[in-house]
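Number of protein chains: 2
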Amino acid sequence: MAVVVMKEYESLTKETVISLAIELSLFSSEAPLVCEEIGDGNLNYVFRVTDGSGEKGIIIKQALPYAKVIGESWPLTLKRAKIEASALQKHGEYAVGLVPKVYATDESLAITIMEDLSHLEIVREGLIKGKSYPKLSTDIGEYLALTLFNTSDFALHPFEKKSLVVEFSNPELCKITEDLIFTDPFFDHETNDFEPALQAEVEAIWNNNLLKLEVAKLKRSFLTEAEALLHGDLHTGSIFASEAETKVIDPEFAFYGPIGFDIGLFLGNLIVQSFTRQDDQRDAIHTHIQNTWNTFCAKFSECWKKGESDLYKSIEGYEAFVLEKIFHDSVGFAGCELIRRTIGLAHVKDLDSIENHEQRILTKKQTLKAGERLIVSRHEINSIDAVIELLGEIQ
Amino acid sequence: MAVVVMKEYESLTKETVISLAIELSLFSSEAPLVCEEIGDGNLNYVFRVTDGSGEKGIIIKQALPYAKVIGESWPLTLKRAKIEASALQKHGEYAVGLVPKVYATDESLAITIMEDLSHLEIVREGLIKGKSYPKLSTDIGEYLALTLFNTSDFALHPFEKKSLVVEFSNPELCKITEDLIFTDPFFDHETNDFEPALQAEVEAIWNNNLLKLEVAKLKRSFLTEAEALLHGDLHTGSIFASEAETKVIDPEFAFYGPIGFDIGLFLGNLIVQSFTRQDDQRDAIHTHIQNTWNTFCAKFSECWKKGESDLYKSIEGYEAFVLEKIFHDSVGFAGCELIRRTIGLAHVKDLDSIENHEQRILTKKQTLKAGERLIVSRHEINSIDAVIELLGEIQ
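Residue numbers (full-length UniProt numbering), protein chains in the order written: chain Y, 1 to 395; chain P, 1 to 395.
Incorrect hints may appear among the rest.
Copies of one chain are not kept apart here, so a pair can be met inside one copy or by any two copies together.
Under the rule of at most 30 Å between Cα atoms (straight-line distance), these lysine-lysine pairs were calculated in the DSBU-like manner [as the list claims (entries may be wrong)]:
{"id": "1", "residue 1": "Lys365", "residue 2": "Lys313"}
{"id": "2", "residue 1": "Lys175", "residue 2": "Lys305"}
{"id": "3", "residue 1": "Lys369", "residue 2": "Lys313"}
{"id": "4", "residue 1": "Lys306", "residue 2": "Lys175"}
{"id": "5", "residue 1": "Lys90", "residue 2": "Lys79"}
{"id": "6", "residue 1": "Lys175", "residue 2": "Lys90"}
It should be emphasised that the hints constitute simulated quantities derived from the structure, not laboratory data.
Modelling step: build the complete structure from the supplied sequences, incorporating the hints.
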């Protein structure tokens, strides 16, 4: 892998991107290169460079030193580019083919040069259009098991694990999650954003001591439990897919945290789809929810049996304890994701694009109800089928 | 605080120590300095320098690049000197007067220059002689609450906490604990060291799947739960005291771990005393056990009420949940300490110095039994008084 010679940070343009691609010999020297900016420009520039044949492309992603999230710009560490590139590489070692290849990085320019995935579609967009991506849950279940097991104490020597914990210390991006997922939606905070028709439901959340106590416990887990190198933001907008392929992108929130957080975020985003779809379209989503967890378990068990690094892995009951802990955490984190995507700062198009007002409010109320029940009852929910049953009770 | 000019590492001698004390102006220039080496030379040199008047002294502690622990020498990171000095300073910010003052440090020489505590006695030695140090449990209870609460997410901004997690990453010394406390004693491992008369009890431990499952969970907690900046080795040999003073020394195992680990190690060492003492001498120890926990709780609650850093602190039931979790962890970690101090590599003089063979073996069997019960039943033990009752059932 090439490492670009260190430079001072400067915002790239289409022209400097092409110079960089030539400098790095990423294309044959005669190719007539074409560059376009395809990002949304809120947090990063995303440039796509092709050689004119339309066949070969690369992506150059550059982190911007600010985020346009709450109306105005807000300074944000450039270190996230390094975290993202390193996480893609580390996860790519284990989940082979399920993350984009990294060709080069440069820490001072805050760029990652990687595989072009423009032939794929963002899963959230496809799901909203009614697609169901047959390989999605098998691929994500395997991705979760392989990346999370293999970066945990169950697989790594403690020196290597602790060195990764330090490398992936990510305070600024973790703080965004701590605030926007675990705190603000549960208090009357200015970052919240909800429709007036939800006022009563939102106030009920703010006044629900039991719910907030359980969220406090989940936040504590997020703050303290360094179980594995998480993606950290595994919603359906962080996944590219087609009928044949699945690729997980954008791990700039990567850090050592509780395994259930990645699983819970993904399941939470599938659960949103279960609420937004018509009855007869839900089965594909429910199958994905079940298959994600079941594939994760099967692959995690396979990894558990293989390694020799921990004598305790052979103790009867230990693997079951670990998987049960991960399951209950996942259910709780999924619940937090449902609530924050409905009333917090960062919404999802799945819900907001429902045109009929009554239908949209009903769906949002159901999503909030599901979020609450998943959080509060997570220790009584003992199987992924029980999660599907709970959704059925609300729908 | 002075920082010595960086040098290459070299082992200090009495002569170089005196030069260093002069260079740092730690004494008046005319004072006739006297130096003696007072350490055991296994892991560190400990030099005491006095000005001849017998009144003023300083301690210069230098880490050695190896440990003579298992018969032969074993290389050990010098970084531990830096960790120790930084932990003394960080804990000293909160537990004022309960740790030695640090006057200077030098990372390249791996030295810490600190307050001379020669007028105090190591608590383990005093307890073995039958002393009971009236202030011990109040001081240690406060030390635990102040150091652990104030370095946790309940007190610190998340950026500061995460920066301390990185600063106190301590893989080599944690590995010693992971092996010697959590793994080796529970498997037929060459580092174990036990009397032949305990063979049956030791094999019963090795064959006790339920016990090992619970130790696996405690080890997992030690490996993953970055709750607070621990001392990391808070046994009664790490505490100096008199009737009037208590000072916690030697935090070279400091790292971010589960709060209950420090509490459990201290309680475990008091519990050993409960078993080695005659019936009529136990009350003072039981009072210390109860008072340590009760003082910790009272002081922890006081800190909890003060700070504003976490909105969730006001949620009904959250403090009780946190204290309950800490209590059950503490009970389990105390159990691990009892077992490893009886059959693992590092014994305690409290047990090994019992001269009568029959009495010694009986006491060690009771210690093992208490260790097992504390580990396996920790979630059913709901008060510190219940711990004392359990000891009574075994005695």
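Results for each hint:
1. Proximity of Lys365 to Lys313 under the C-alpha cut-off of 30 Å is restricted to the inter-copy arrangement: shortest distance 28 Å between copies versus 43 Å within a copy.
2. In this assembly of identical chains, the alpha carbons of Lys175 and Lys305 lie at most 30 Å apart only when taken from different copies (23 Å versus 36 Å within one copy).
3. Only between protomers do Lys369 and Lys313 lie at most 30 Å apart by alpha-carbon distance; the minimum there is 25 Å, versus 38 Å within a single protomer.
4. With identical chains, the CA atoms of Lys306 and Lys175 are at most 30 Å apart between copies only, with a shortest distance of 22 Å across copies and 36 Å within one.
5. With identical chains, the CA atoms of Lys90 and Lys79 are at most 30 Å apart both within one copy (16 Å) and between copies (27 Å).
6. Proximity of Lys175 to Lys90 under the C-alpha cut-off of 30 Å is found in both arrangements, the shortest distances being 23 Å within a copy and 23 Å between copies.
This entry satisfies every hint, going by the numbered hints stated previously.
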